[in-house]
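S.K.: Quick mapping for you: the protein sequence lines, in order, are chains A and B. Sequential numbering of the first sequence, starting at 1, is according to the working numbering. Sequential numbering of the second sequence, starting at 192, is according to the working numbering.
I should point out that these hints are in silico values taken from the structure, not numbers from a laboratory. Some clues are possibly wrong.
Distance windows between CB atoms, simulated [what the hints assert, rightly or not]:
#1 Arg325(B) x Phe180(A): 45 to 55 Å
#2 Met193(B) x Gln52(A): 21 to 31 Å
#3 Ala312(B) x Ser96(A): 29 to 39 Å
#4 Leu320(B) x Phe180(A): 22 to 32 Å
Only a predicted model underlies this, so the values are computations on that prediction, with no experimental measurement involved. Backbone N, C-alpha and C define an ideal beta-carbon position, used for all residues, glycine too.
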Amino acid sequence: MDTLNYWLHSPWPWYVAGPIIGLMVPLMIWIGSRSFGISSNLRHLCAISQPQSIGVDFFKYNWREHSWSLLFAIGTMLGGFLAGVVFANPDPVNLSVEFLTQIAYWNIPIGEGFLPPVLFGLYWESIVIMFVGGVLVGFGTRYANGCTSGHAITGLSTMQPQSLLAVLGIFTGGLIAAHFITPALIGSINP
Amino acid sequence: MMRLLPYLFAGTLFGFTLVKSEAASWYRIMEMFHFKSFHMYGIMMTAIITGVLGVHLMKKFIGRASLEGAPMEIPVKEQGRYKFILGGLIFGLGWGIIGLCPGPIFALVGMGSIGALIALAGALHGTWLYGALRNYLPD
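Chain A extracted, bound-state conformation (with noise of 0.2 Å):
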């Protein structure tokens, strides 16, 4: 019972996360011959909340079809309800030390938790840095069909060639924008 409760609650090493994470792809072909993925979610929530008589094309089909991958979603919250609050790890994250150093150079404080408290906080620069970040990775998600979950891990599970352009413009954005745009960025936020 000790060792359930220490697994629930410590976080776990990459070698028992990412093998669960890649069983994800031939348990959603066991489910029912679907593609593991979250993104598509978006087009999902913007179809149910498009009206009916007007709107882009892009999102007028029957999204309840997809009924499938919105419960995907929908489990994906719940379990980082779990994970994240019910069994949640109080040690802040274990960071190496050579990233730490890095990170004091930024000159942002480190919070507790997964989230540094000046980037996620109420502050007009943030609020505005989270959501244009995130307009940036709904419209990339959408335009190249897919994200992390679809490209990196089934497509390259499933030898798609597509998949590595993908994850060759994924991980190149993905490096300028952590080494030259995000560091000027957090430095202009004034808590």
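Start from chain A and add chain B according to the hints.
M.R.: Same frame as chain A, now just chain B:
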């Protein structure tokens, strides 16, 4: 509805794992893009290896009934070139800024994060923008 319950369970396991592995943490993503830890690369590599082996195994069962009832098949992605590179690049820029990809956005919204909720609102607007502009974008 009962037919769809397995998807809810799968999603719950996915969200639980994203949080327990700290893949849903902004810090971990920045650490990854700055090559300061093996953690995220270990997750991605073992996930892909498990996925490859899992799909290989599932191929033996193609045509048999899935849990939902229809014969099993391996889903295929649509074709194209520029949309994958450019879309990936745009998504990557966003990921490198907010430190969250769509899975963690949903998981963190479930945790009650206001920042993630703002990111989700942005992502829905970005999705809508793509829908409105898609006929002008190269495939």
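S.K.: Determine for every hint whether it applies to the structure shown.
M.R.: Structure-based check of each hint:
{"no.": "1", "hint": "Arg325(B) x Phe180(A): 45 to 55 Å", "in the structure": "violated, 28 Å"}
{"no.": "2", "hint": "Met193(B) x Gln52(A): 21 to 31 Å", "in the structure": "holds, 28 Å"}
{"no.": "3", "hint": "Ala312(B) x Ser96(A): 29 to 39 Å", "in the structure": "holds, 32 Å"}
{"no.": "4", "hint": "Leu320(B) x Phe180(A): 22 to 32 Å", "in the structure": "holds, 24 Å"}
Of the numbered hints listed earlier, the single one contradicted by the structure is hint 1.
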